[in-house]
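Participant: These protein sequence lines map, in sequence, to chains P and U. In case it helps, this note's numbering puts the first sequence at residues 1 to 336. In case it helps, this note's numbering puts the second sequence at residues 1 to 336.
Worth flagging that the hints you see were computed from the coordinates, not collected in a lab. Be aware that a few hints might be false.
Because identical chains share one entry, a pair is satisfied inside a single copy or across any pair of copies.
Said to hold, decoys possible - In silico DSBU-like pairs for lysine-lysine, Cα to Cα no more than 35 angstroms straight-line: (1) Lys63 with Lys139; (2) Lys63 with Lys100; (3) Lys100 with Lys193; (4) Lys222 with Lys99.
There are 2 protein chains.
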Amino acid sequence: MKKTALLYMLLIAAFLAYAARHAYVNSAGEGSFRSEELRGELGENYVMVTFLSGIEYWKSCLKGFEDAAEALNVSIEYRGATQYDAREQITVLEQIIAKKPAGIAISAIDPSSLTGVIDKAVDAGIPVVVFDSGAPGSKAYSFLGTDNYAAGATAADQMAELLGGQGKVAVITLPSQQNHDERTRGFRDTIEKRHPDIKVVAVEDDKGDAMAAKELTKSLLKRYPDLAGVFVTEAAGGKGAGEAAKELKREEKLRVIAFDTDKDTLDMIREGSISAAIAQGTWNMGYWSLQYLFHLHHDLTIPSPAASGDVSPLPVGVDTGISVVTPENVDDYYAK
Amino acid sequence: MKKTALLYMLLIAAFLAYAARHAYVNSAGEGSFRSEELRGELGENYVMVTFLSGIEYWKSCLKGFEDAAEALNVSIEYRGATQYDAREQITVLEQIIAKKPAGIAISAIDPSSLTGVIDKAVDAGIPVVVFDSGAPGSKAYSFLGTDNYAAGATAADQMAELLGGQGKVAVITLPSQQNHDERTRGFRDTIEKRHPDIKVVAVEDDKGDAMAAKELTKSLLKRYPDLAGVFVTEAAGGKGAGEAAKELKREEKLRVIAFDTDKDTLDMIREGSISAAIAQGTWNMGYWSLQYLFHLHHDLTIPSPAASGDVSPLPVGVDTGISVVTPENVDDYYAK
């Protein structure tokens, strides 16, 4: 009989705790903002869409998306074009729209090809945000990605530190892509303004190919035997430049700054053939993309006037930040 | 006896619901991300700090902060310097730091005065983000505010629409403040690039004073009797320019574009003496500031490598967006 009484008392205590919690939520639920717990409902599904969907780069974006899904109690799905193919990405997105998910976070293969199909999703009432690689003309609510100009500026300061403030440097880039162009501009402007004893002697196009970057680096070293640094704005080329330095036994003299943190790049930072890499805030892209989609889906953004105009109810742009990987901190960047 | 049994059954049901909920949370708590419900704890207090703390402008920032507090189940406090006085704001911030709140969102009176005391808060382990008016040299984790250059560009496009693409225009601004300078630059650059038949004939300084803006507008109209538009980058001056147009019975011919949406500005848009105003995403500044602080306080940002370096674990910059207020949508902008 005593045991039963104890059990009842425990149950009463649990019930009071439960009731108190709900009473609080209710009392807070006043005003125009639709207050509710930040927790999703059964079957609430959000989709992340990329291109070249198998590459390592997206892993950390997806991890952020997953972590937000855990925190918000919703489910997610990862989809994408397997190739570097705009048509394929459009088809994948069409298929996703047909399933009416709670929201879509997409990295656009180029600034214009996806506009029509993104707008179709938004017009169908599906929240869409774009991350990493933008679609500026579309109706997507927000863009979350790197400030590429600032990233180029950081690379320039890092290069100046590595070179003691003087020497000849070159840039290897993908001039056809806007993000790479901005990295190059940020780098050049910063060298010019802040590091007058460094000269940018060449800007080359490796077309996103490691082998091409390797050959370019070798020929640059022929043209400028005293070349002291190369900044490679895209992930594949950094490895090529590093390999060229290694083959010519110039690792000590040629400083390579790469972009992104796939395993090969990290390995080459460890062994010294790449001096540094610019890491992007990929986890933040995924995490805050899902937060934004959740807020749109649950109508947790501010009501009018945003709703009445051509105005995003969310912040329109998010600079997800960068960091510099060096031999000192490279171990922290390996996937765990 | 039957009643008691029923009560017990209810209690048991409540307990099971409570237990089930907690069991779910626990099962989701795997992996490196510290998953937990996005709900605060008792006594978790966040502080918003401004200057000229009584002005209408902050109301919507605070509403966003409050709405996020409701969603996250935490409490907040609003503090600030009552005057436009850096020393006063520093003192207020010192007092807040002494109480060790869960986080601080501050709008800095100028870009440099607050740096020391913001860093002191961060060094004491208190999360700090800056909103609306930045402190770029400080250790604050993030800045959430308007992209002022883009806002100036939008004002330029709006002006071109109002003027049918041609005419003389002037800018009234506060050249000593960085945000106003950027608005002016965005406006001028955009007029130059996209609207070649519009000429910016003057850029004047009203020192943030409505009376000064009124006199400036009158003298501009003497110098340029065919002046067709004025863009005023700061809140007080827009009303002055509108009043000048009204007194001289020039409302039909002189288009005034103002900034921000206090009641007087909205009234003047309704009556026609101001043609449009640029509204800032103030609710977003407050809402996402608190979300960021909450994530820092609960360690919900990504763990290493961000933690190991000089790197913000949050997005470093958020463009909270703008919208254009016109006679067509002005009613939506009045506080409800």
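Participant: Enumerate the violated hints, using their earlier numbering and listing them in ascending order.
Facilitator: 3, 4
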